[in-house]
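Engineer: One-letter residues, chain by chain:
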Amino acid sequence: MFDAHDITLTVNGKPVRASVDARMNLADFLRKDLKLTGTHVGCEHGVCGACTVLVDGASVRSCLMLAVQADGRSIETIEGVAGAGELHPIQAALARHHGLQCGYCTPGVIMTLRELDHDRAGGTLSEDDIRAALSGNLCRCTGYQGMVDAALELFGPAAAP
Amino acid sequence: MKAPAFRYHAPRSIAEAVALMSTLENARVLAGGQSLMPMMNLRVAGPDHLVDLGRIAELNGIAEDEHGLRIGAMTSQRAIEKSLLVATICPLLAEAIAHVGHQQTRNRGTIGGSLCHLDPGAELPVVAAALDIMLTAAGPTGSREIAFRDFPADYLTSSLEPEEILTHIHVPRQPPRSGSAFLEFNRRPADFAILSVATTLTLDEAGRIARVAIAVGGASYRPMRLDAAEAALTGQLPNAEALADAAAIAGTLPCDGDDLYPADYKQDLCAVLVRRTLTIAASRAQENAHV
Ligand code: FES
Ligand code: FES
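Protein chains in written order, with the numbering used here: chain A, 1 to 161; chain B, 1 to 291.
FYI, nobody ran anything at the bench for these hints, they're computed from the structure.
It cannot be assumed that every hint is accurate.
As the list claims (entries may be wrong) - Label-pair distances were calculated between CB atoms; the ranges are:
no., chain 1, residue 1, chain 2, residue 2, range
1, B, D268, A, V47, 20 to 30 Å
2, A, G123, B, P176, 28 to 38 Å
3, B, A19, A, G83, 44 to 54 Å
4, A, A95, B, R225, 48 to 58 Å
5, A, S126, B, D191, 15 to 25 Å
From the three backbone atoms N, C-alpha and C, an ideal C-beta is built for every residue, glycine too.
Using the sequences provided together with the hints, build the complete structure.
Structural biologist: So, in structure tokens, the structure goes:
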């Protein structure tokens, strides 16, 4: 290693200690060191959103954050979303509405929707709100309508209690 | 690709960061990393040292002071977007920031990083130019104030010295009877703007334009103020004719063009966006005059 740093962080609720090279980005740390390969890497320069994870609850591009910058932070990846043997409601809604085809972008999409769900704090969202949030996640397959439909079912006016 | 090797430093204070920048060779400041990290991953930038400002608490936060807002350079764009204080005191900044990148990049991207990076397609420098914001920078001999007008030095280059660090942004409070508007044109929402316009104006008691500022991004390496259009509007009633005259002047702004977006195309965009922002800003100022 050229410039090693010791880091301590939480990943999907579990404490992690590691030594990382300064140049290693968070996506590669999750995938290669922690073997959490659910976080995908598309472009490696912040354009596609495939690598989106939550850092202290906020969606970020993990290809643009260094692993050393995650020291002391709490990370949530796609591996932390579902309960034991059960899909998370966002995952189930995406499946129902054909919101994925090859699935490459899906982990990033789900992390974006997780943040959106948290930020709405129980309120309802419009299709525009949902499209604005999803605009940072590129999908080469679906045309987005299925994702928007899934999010509208969960967060839209029809979902209001 | 992956970033080339570098050494990483995480100072805890402004003084420590300035000391590092003064002693290290080929060092770059890392703010939110939403421009620098892509440049490093693409191997367009290859600093030997990164000085990460992310652990310096005094660079983060939004506060109201006697002049308006004082924003720490490392405050995230997302925090500004969500801030009630910003929405109340500087609606122009609040309006523009929703156009900056995506939610996922605004969570990390900072106001100071964007102002220092000075991308011609970026929104925040245009707002800074329209509002005549002041900047505070810290260096080895103390701190100094810089008017944003004097800040851009060249393409993607600010006038900060290599060992200086931008620490705070001062956004002036707008007088009563003021209104503002931000519009940009691009092919997809959240892309860098092909052309963007930020306009703020203040009406006098008779409803005439007492003061107006129009800034254009995307025409040149730096945001341009439309001095001639501003002068023509001052003292006028903001009626359709006066705004159309100002738009015609805006359409003569010299613009850098390329094969995709030639200069005359940008000039047409400029005229249209200036007329629209003036119309919106004037009606907002009139609404504010009635409350
Ligand atoms: S891999 Fe990170 S944004 Fe594309
Ligand atoms: S489902 Fe294939 S890229 Fe989105």
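Engineer: Can you name, in rising order, the numbers of the hints this structure does not satisfy?
Structural biologist: none
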